[in-house]
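Engineer: Working from the sequences, and respecting the hints, build out all of it.
The residues making up each chain are set out below.
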Amino acid sequence: LAKTTQPISMDSYEGQEVNITCSHNNIATNDYITWYQQFPSQGPRFIIQGYKTKVTNEVASLFIPADRKSSTLSLPRVSLSDTAVYYCLVGDPRYGQNFVFGPGTRLSVLP
Amino acid sequence: EAEVAQSPRYKITEKSQAVAFWCDPISGHATLYWYRQILGQGPELLVQFQDESVVDDSQLPKDRFSAERLKGVDSTLKIQPAELGDSAMYLCASSPPGTSYNEQFFGPGTRLTVL
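First to last, the sequence lines map onto chains V and W. Here the first sequence stands for residues 2 to 112, numbered as in the working numbering. Here the second sequence stands for residues 914 to 1028, numbered as in the working numbering.
Certain hints may be false.
[Stated by the list, open to error] Sample of chain V residues at the chain W side, in silico, Cβ under 8 Å:
1) Gly16
2) Pro45
3) Phe47
4) Gln50
5) Lys53
6) Ala61
7) Thr84
8) Tyr88
9) Phe102
10) Pro104
11) Gly105
Hints listed in this document are in silico derivations from the structure and should not be mistaken for laboratory results. Ideal Cβ placement from N, Cα and C applies to all residues, glycine included.
Structural biologist: Right, dumping it as structure tokens:
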């Protein structure tokens, strides 16, 4: 299983763009990169998933360099409601499992 | 929008008692997961089902935990006997079949407190 490393916590202000970087040096060829968001007392929620280059949806963008050893989740113009824990996971989706959640990054958005 | 259902939402029990949690995944989702999340940590996978079969239960403490998904739909996770260290949030998730990537849909969880 590819191990991931991400900052434990980050602070930002409303309206700013937030970039959370995740390192996954031993990512395998068939592994995808997935990000989840979790609010207190709720289950995690899927944000975005990608394999290479850039993926964008209505919530976030995911940037993956050519070597795929890291990835960056970008949240545009954050609001107070984006305060949550963000998890980066790496795994082979063909097997539908083995997505190991680390401690995540606790993002605090300040007014 | 379809959601994963879990019950109860909260459970308080005394150590050595038996507890059971129920999960109803999104209709049509063949894969079901049970996770345990201790406060301040990420979720830890306990068991994964593909239809009614266990795919991975390597992290399930089998001396006290059991899980079943008899008809390949809803699932039950049981702890007997409960210990103080079992206090945690128990999350159920499901994912649809045939997708080229894995997006897990999580339920609201069951908060277990063992006294």
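Engineer: Hint numbers the structure violates, sorted upward?
Structural biologist: 1, 5, 6, 7
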